[in-house]
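Here the structure of chain A is known, so what remains is to put chain B in place on it, guided by the hints.
Line by line, the protein sequences are chains A and B.
FYI, the numbering for the first sequence is 1 to 359, going by this note's numbering.
FYI, the numbering for the second sequence is 1001 to 1337, going by this note's numbering.
Be aware that one or more of the hints could be misleading.
Quick list of in silico lysine to any residue cross-link-like pairs, SDA-like style, CA-CA up to 25 Å [as the list claims (entries may be wrong)]:
id, chain 1, residue 1, chain 2, residue 2
1, A, Lys-193, A, Glu-38
2, B, Lys-1087, A, Lys-291
3, B, Lys-1275, B, Leu-1037
4, B, Lys-1087, A, Pro-156
5, A, Lys-123, B, Leu-1037
6, A, Lys-291, A, Arg-278
7, A, Lys-193, B, Arg-1272
8, B, Lys-1087, A, Phe-36
9, B, Lys-1275, A, Glu-140
10, B, Lys-1087, A, Arg-138
11, B, Lys-1275, A, Arg-195
12, B, Lys-1087, A, Arg-132
13, A, Lys-123, A, Pro-42
14, A, Lys-123, A, Phe-190
15, A, Lys-123, A, Gly-79
16, A, Lys-123, B, Leu-1025
17, B, Lys-1091, A, Phe-190
18, B, Lys-1275, A, Val-214
19, B, Lys-1087, A, Ala-46
20, B, Lys-1087, A, Pro-269
21, B, Lys-1275, B, Leu-1114
22, B, Lys-1275, A, Pro-42
23, A, Lys-193, A, Gly-126
24, A, Lys-193, A, Met-244
25, A, Lys-193, A, Lys-291
26, B, Lys-1087, A, Arg-278
27, B, Lys-1087, A, Phe-190
28, A, Lys-193, A, Ala-135
Hints are computed from structural coordinates only; laboratory data are not their basis.
Note that this is a predicted model, so its numbers are computed, not measured.
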Amino acid sequence: MSALRRGKVAAGVAELEDGEQPMYVRVRARRGPQSFREVTTPEGIALRLPLAPIRARAAAFGLDLLFISLVVLVVMFGGAILAAGGMGEGFFMGLAMMAVFVVRNFYFMVLELFFHGRTFGKKAFGLRVVSRDGAPLRAESLFVRNVTRDVEVFLPLTVIIAPEMLWANASGWAIVASSVWLLLFTLMPFFNKERLRIGDLLGGTVVITTGERVRLDDDLCIGTVMRVENQRPVYTFRPEQLDMYGVFELQVLEDVLRPDGFRRQPPDPAMLYRVAERIKAKIGWDHTLGKTHDWQFLHDFYSSLRARRERRELLGQHQPFKKEGRLEEESGGLAVPHRSGHYSAVGLEAVSPTDGHDT
Amino acid sequence: MQSMIPPSVAFRRARESTWRELEQLVARAENSSLRRLGSRDVARLPLLYRSTVASLAASRNMCLDRNVVDYLENLTARAHVAMTTSKPNIKGAIRAFFGEQFPVQVRALSGHLLAATLLLFAGAAVAFVLTLDDPERFYNFVPEAYSQGRGPEASSADLQQILYDEGTAADQLASFSSFLLSNNARIGMLCFALGFAFGVPVLYLLFTNGMIIGAFGALYHQRGMSGEFWAWMLPHGVTEILAVLLCGAAGLGMAQAIIFPGRSTRMTNLARVGKQAGTVVLGAVFMFFLAALIEGFFRQLVHDVVIRYTVVFATATLWLAYFTLVGRARRAAKGAQ
Chain A
1 MSALRRGKVA
11 AGVAELEDGE
21 QPMYVRVRAR
31 RGPQSFREVT
41 TPEGIALRLP
51 LAPIRARAAA
61 FGLDLLFISL
71 VVLVVMFGGA
81 ILAAGGMGEG
91 FFMGLAMMAV
101 FVVRNFYFMV
111 LELFFHGRTF
121 GKKAFGLRVV
131 SRDGAPLRAE
141 SLFVRNVTRD
151 VEVFLPLTVI
161 IAPEMLWANA
171 SGWAIVASSV
181 WLLLFTLMPF
191 FNKERLRIGD
201 LLGGTVVITT
211 GERVRLDDDL
221 CIGTVMRVEN
231 QRPVYTFRPE
241 QLDMYGVFEL
251 QVLEDVLRPD
261 GFRRQPPDPA
271 MLYRVAERIK
281 AKIGWDHTLG
291 KTHDWQFLHD
301 FYSSLRARRE
311 RRELLGQHQP
321 FKKEGRLEEE
331 SGGLAVPHRS
341 GHYSAVGLEA
351 VSPTDGHDT
Chain B
1001 MQSMIPPSVA
1011 FRRARESTWR
1021 ELEQLVARAE
1031 NSSLRRLGSR
1041 DVARLPLLYR
1051 STVASLAASR
1061 NMCLDRNVVD
1071 YLENLTARAH
1081 VAMTTSKPNI
1091 KGAIRAFFGE
1101 QFPVQVRALS
1111 GHLLAATLLL
1121 FAGAAVAFVL
1131 TLDDPERFYN
1141 FVPEAYSQGR
1151 GPEASSADLQ
1161 QILYDEGTAA
1171 DQLASFSSFL
1181 LSNNARIGML
1191 CFALGFAFGV
1201 PVLYLLFTNG
1211 MIIGAFGALY
1221 HQRGMSGEFW
1231 AWMLPHGVTE
1241 ILAVLLCGAA
1251 GLGMAQAIIF
1261 PGRSTRMTNL
1271 ARVGKQAGTV
1281 VLGAVFMFFL
1291 AALIEGFFRQ
1301 LVHDVVIRYT
1311 VVFATATLWL
1321 AYFTLVGRAR
1331 RAAKGAQ
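So here's chain A without its partners, still in its complex pose:
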C-alpha cells in the first residue's frame, strides 16, 4: 500500500480513507470536470479561462437561430404587405432572399464585432469569444470564424433537411458520403480538447464561459485566531500530529468548515463530530483532556495545519496527502484548553458539542 493514499473527490463527496473503513463527507460542489484554455500573460503567468461546454454553445446558437428566423419572418411579412400594395411578386421574393442572405451571413459577425465577442444567445448563456493567444480580440478573427459558419452549420442543416437541394445530380452513395463528410465539420468541437469549431481554429479564437463568479469568503483562520480576544488558540497541536495530514485533507477540511452553498448553511454538528473524532483518532489526541468543542477544535486544527503546511511548503517540503497509520495516544500532551468560559465569547452555543464520545 502506498504511503500516500489519495482520498477521492467525486460529485461533491470526499472520501476520507482511514484504515479499513472509508468515511464520506460532503464537500462544496466543486467545479466539474471543466477544462481550461491557459493563456500566458506578458508577465509569464498562466491564466486559466474556463472553456464553454458544448451544450451551452448549442443552446446559445439555438437562441440566435430563433432570433434570426424571427427577423426574417418580420421582413417577409413587411415584404408581403408591400407586394400586396402593388410592388409585385418579384420585389417580394427579392426582398425576402436579400433579408435571408444579410441576416444569415452578418448577424453573428456584426454582433460579435460590436458587442464584445457576444451575440444575444451567447450573452444569455454567459459565453464569450476570446483570442486563443490572449491578445485582444481582432476583427479579422471574428470575420473568419463567422464566414466558415455557413459551411459548418447552415450547409449541414440543408443536408439534413433537404439533401436533394444540395447534391442535385449525385448518386445515392455520393450523397451519403458527402453528407457524412459535411457533418464531420459540424461535429468538430467534439473531437478536440478545446472544443474548437473550424472557424475557431482558423480565426484563432476560443469560446469561454464567463458566468461563474467565485466569492471571496472570510478566511477560516480569522474566526479562530484573529477575533479571539487574547489571540490564543483554544487547542494546540504538536508538529508531528499536524504532519499526519497533507494538503489534500486540509482542503477537504476547508470544505467541511465553510458555510455551505448559497444559503450559507452552517456545517452540520453531527458531521463536525464525526470528522473531529476521525482526526483525534489519527493524531493520537489526548482524551484525558476532556470533551472538546468540535467546531472550535476543527477550526484550530485547520489553522494550525494550514500554518504548518504553508511554512513547510515555503521550505520546499511538499506533503500532498496524509500519512498512513496513526499516532499513539499520549497523555499529558500539549493540547490544553485555555479557558473553559471561552466558547460563549465567540458565539458557539448554536453548535453544542455532541456528547458521549469520550473514551
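Here is chain B on its own, set in the frame of chain A:
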C-alpha cells in the same frame, strides 16, 4: 501564538483591498463596457490587474486556502476577458485587410492560383471541343438549373434574347439577391472548406465549373454569337471566375497543408494555412458580391457590346493591378522596421 497563523493570512490582508477594487471595476466593465469606466478607473485598471495577477502567481505557490486561489483564478480570468474583448478596431481591420492582407495572401498563393486556373481552363477547353463536336453533349456538362431553357434545341433568337434581357427594377433586385444566394459564393466557400478533404473535391469543382463555361461558349459559338456571349458573360465573369479561382487556390493550399505537412504537425499547419486561406476566401466572398452587383444591375441596364467589353477590360486591369501592386509598400515598410 505566532505559529498558528498561516503566512497566507498576512499575504491576503496586505492585498485584499486591491483584489476587491479590481473586482468592482471588472463587474462594472462586464455589465456595460470598458468605455463606460471613467478615465481614473481606466488608468487604474492595468495596475490593479497586474498586481492581482502577481498575487495569483504567489498564491498558487504559498497559499493553501483554496477559496483564495479559486477566487484569484476566477477574478484574473474575468479581468483578462474584460480587458481583451473591448470592441475591436473595425475600420483599421478593414483597411488592413484590403490594403495589405488580401493581396499579399493572394500573392502567397500564386502557385496554387496558377494550378486552379489551368484546371478551370482545361475543363472549359474539354467541354468546348466536345460540345462543338456533338451539341447534344451540352446536357452532360450543364446541369438543368443553369441552362434555364438554353440548349442546343433553343432557337437563336431565344438565345440572343437572353443576352439582352431587360428587367424591371423589381426583377433586378430579385435576380441580384438570387445571385447572392446562388451557387457561386457557395461553390467558392465549398472549394475552400473542402480543402480539408485532401483537395479532391476542389479539383472536381474547378474542373466541372470550367466545363459549364466551355459548353455555353460552344453553344453560342455554333450560332455565331461568340462575341455577344462573352460580352454578356465576362463583365461580371472576370470578377466571379477570379473569385472562384481564388477559392480553389485556397482549397488547394489547405489540401497541401494536410497532405504534405512538412516540419510542423498537420494541425498547426492547418491553423496557419487556414488563416491565410481564410483571408483569401473572405476577399473572394467580397468579389462575389461585386460580381453579383454587376450581374444584377449593369448587365440588364447596358446592352452595348463595346461598353460591355470596356467593362471587361477595366475590371481585368483593375484586379491585375490590385493583386500585383497593392500592399507591397506596407509590407516593405514593416520589414524595414
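Failing hints, ascending? Hints 2, 3, 4, 13, 15, 17, 18, 20, 24, 25, 26 and 27 contradicted; others consistent.
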